[in-house]
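J.: Sequence:
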Amino acid sequence: MSSQARRVSHDPSAVFVYNNFNFKDTIKDLALGRKSIMRNLTNCLLVTSPDVHGPFYQSQWRPSVPFDQEWMDSYMLAPPACEGEAFKYLAVNSIKSLFGLDSLVDVAPFPIAARPQRDVNYILQTPAIPENEGEISGVYRVHDALFRDILDYRDYESRLTLVHGDQKTTSFIRAIVASQLEAGGVYDRKQWMLPVPTFFHIMMNYIHLIFRVFWDAFVGEAVSFLGRGQHIQKDNAKYHEALPLLQDAFNGHIVAFLIHDLVEEGVLVPDGQGRVETETLKEALQVISGENGEILEAKLSAIVDKLFGFGHWKDNDPQNPGGLVDVKFRSRCRYLFIVGYLLIMATAVHIGDYGILRQIIPLLPLIFYGGKSKNYGAEMFGWKPIDLALEHVNGAFAIDIKNNKNSTRDTAVIFNRLSVVGPYTATIRSSLENVMRTTQNGRHSTVKTDYEVIQYGCKLYRDKVTKTNMRDEGTDAAPFDAPNLIKLGMRLVADEKIDNFNANVVRPVGVTAQTAFPNMYTEDGLIIESEEGQRLYLREAYKCAKANEYNFDKLLQYVAEDDQAYKAAGYSFEAFQDLFRDEITFQKAYRSDKERKAKSLHAVNHSWRHEPEALAWVAGLPDMTLRSILCVDCFLGFRPRRFGNFDEGLAK
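Using this note's numbering, read the sequence shown as starting at 206 and increasing by one per residue.
Source of the hints: derived by calculation from the structure; they are not laboratory data. All values derive from a computational prediction rather than experimental measurement. A virtual CB, placed ideally from N, CA and C, is assigned to each residue, including glycine. Mixed in with the good hints there might be a few duds.
[Said to hold, decoys possible] Quick list of the computed label-pair ranges, beta carbon to beta carbon:
(1) 685 x 232: 48 to 54 angstroms
(2) 439 x 286: 32 to 38 angstroms
(3) 354 x 639: 34 to 40 angstroms
(4) 305 x 436: 25 to 31 angstroms
(5) 657 x 340: 40 to 46 angstroms
[Unchecked claim] 16 angstroms max Cα-Cα, derived EDC-like pairs, lysine to aspartate or glutamate:
(6) 672 x 466
(7) 669 x 469
(8) 487 x 657
(9) 664 x 482
(10) 487 x 655
(11) 511 x 531
(12) 669 x 531
(13) 533 x 421
(14) 653 x 446
(15) 511 x 290
(16) 487 x 466
(17) 240 x 230
(18) 664 x 484
(19) 672 x 531
(20) 672 x 510
(21) 504 x 466
(22) 487 x 307
(23) 511 x 466
(24) 672 x 469
(25) 511 x 288
(26) 504 x 469
(27) 533 x 668
(28) 669 x 426
(29) 664 x 476
(30) 664 x 426
(31) 669 x 476
(32) 439 x 426
(33) 504 x 470
(34) 672 x 470
(35) 439 x 421
(36) 373 x 340
(37) 533 x 426
Build the full structure now, drawing on both the sequences and the hints.
T.: So this is what it looks like as structure tokens:
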């Protein structure tokens, strides 16, 4: 197993994911009797697929590029290209799944951006590591045990290794990289490692954000009506219970607005108390859906425009003069918009459309920061999220410990055996399922809630939530006014978070190069400590270039004047030119901080989406010397000539 893991780890398309598993272990002590102690374990999975399109190289990544506020406007401001089609899919799928309408089967499919070409990934589990990955000191030991002892990993010089995990894992890796920038060895500097936050934990924290912001006004109502209060509370909701709840609440709202349109057109006639019976609604939908569902599709498209259009996000809608606004209706639209993005994200992960995820990622920091979720504000695979697969592995350990632990089969035996027999057990299980001609998908058993969701939609219609009621916001404000999370996030990012990111995450230029400088290493790859000053000299020279506003001529003049230091470094003038020419050329493209911030605040003040002036300014941006992508766990810059392959691979 160890030799196989070593081979897989050096696969060009291999990625890593690890996470800690903490549990309470009860042991017997001759003197003290039974006592409980905390145990720590770190599991790691190796995942490889041709769709990753590796390997990735450190030369393709520019961690020293600060995030420019112009990029915030051009990258975060524009809505995702998939948004309209995705919201329409959610609305159509709601009615199709609840009422079983065959005419909607081929209507409004989920948009296709970029999906894997293969249906299977190869997954291998490494032996368990008895270290606590939840502490910085434990992370150092995990890296040594995993990459040196178990995998005998050697690609530190040029390759960029993707390591997936939750927010704590990625933040700890970044902290270690920042503290090790001046380390002597390439392995110790850890710049060969790129931490990537994964979508299960992102979606789980996104759900917590929804519960925190919208619980009192909307989520609690759905929990109470649908009878989910036994397992779901505001501060305690499991992912596999909260996601179906929000899906059902979203579907119920679509049903309510559809009932409203049918009543307005006279297709449905409510009783004297304003109620609509479920069977009557089903019959009406069967009639109007017809053979191709075009009429019903048009109605659902109008509902999508009404709920998710830009007007209901603005503080004052110009279509309603006099400052009149229905605060309750606007709040509900904002709630459904945030829930809709969660459902789009979950659907894209389920079907593996990494292109849709790429389009959604730029908006996530704004939503997280706007909803006061600071951990995943700065962060941003598979048909099952890679970290969810690891959580299921940890769950298997927990079940085995609970059922089979005894005095001879202790936790060490369980970890060592289960961690290496996983692939073989999966093969045996697959063989048995083929012989028995039956399979077990392992999914959670859930109660069918179609009837309750339809009843919830009818209740929402009776409560008149589908009707707008204009009032003067200054004199009769609604009890709850949902915050504009995206606008709040934009202001916070523009005023504070970009500066924090550039100060804490962006690496100094002089210490980011992983390649070996001339005369700094022996033939065996060992660093020559006496010549370490060359790298520090280069860093100081670049600082001088920065002070001189990145003027290449002044840089050369500085080197020529500093003759003594130049000769002491033993560096050729031509080599020095080549090392810094690209950096100087790129930095010349930067505008002054004052101009960038003025442009950014101008766009933010004019709203975050579809504002004519803001969009006109974004469309007129000059071509950037370097594109920036808010992808994976930080703002990344790429050399244009090497952009395509890595850009495509990272999303996958």
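J.: I want to verify a distance hint. Is the separation of the beta carbons of residue 657 and residue 340 within 40 to 46 angstroms?
T.: holds (45 angstroms)
J.: Assess, step by step, whether the Cα of residue 533 is no farther than 16 angstroms from the Cα of residue 421, and give holds or violated.
T.: holds (13 angstroms)
J.: Given the hint that residue 669 pairs with residue 426, does the C-alpha gap stay at or below 16 angstroms?
T.: holds (15 angstroms)
J.: Do the alpha carbons of residue 533 and residue 426 lie within 16 angstroms of each other, as the hint requires?
T.: holds (14 angstroms)
J.: Would you mind confirming whether the straight-line C-alpha gap from residue 504 to residue 469 stays at or under 16 angstroms?
T.: holds (12 angstroms)
J.: So if I understand the rule, the pair passes when the alpha-carbon distance is 16 angstroms or less; does residue 504 with residue 470 pass?
T.: OK: residue 504 and residue 470 at ~11 angstroms, within 16 angstroms.
J.: Check the hint pairing residue 672 with residue 470 against an upper bound of 16 angstroms on the C-alpha distance.
T.: Answer holds: residue 672 to residue 470 is near 15 angstroms, not above 16 angstroms.
J.: Starting from residue 487, check that the Cα of residue 657 is at most 16 angstroms away, please.
T.: Roughly 14 angstroms separates the two Cα atoms, so the pair holds.
J.: Within a Cα-Cα threshold of 16 angstroms, do residue 672 and residue 466 meet the stated pairing?
T.: holds (10 angstroms)
J.: Lying within 25 to 31 angstroms: is that true of the beta-carbon distance residue 305 to residue 436?
T.: With Cβ atoms ~27 angstroms apart, the hint holds.
J.: Is the hinted pair residue 504 and residue 466 satisfied, with a Cα-Cα distance of at most 16 angstroms?
T.: Between residue 504 and residue 466 the Cα gap is close to 8 angstroms, so the pair holds against 16 angstroms.
J.: Does residue 288 lie within 16 angstroms of residue 511 when you go C-alpha to C-alpha?
T.: Answer holds: residue 511 to residue 288 is near 14 angstroms, not above 16 angstroms.
In this structure, every one of the numbered hints holds.
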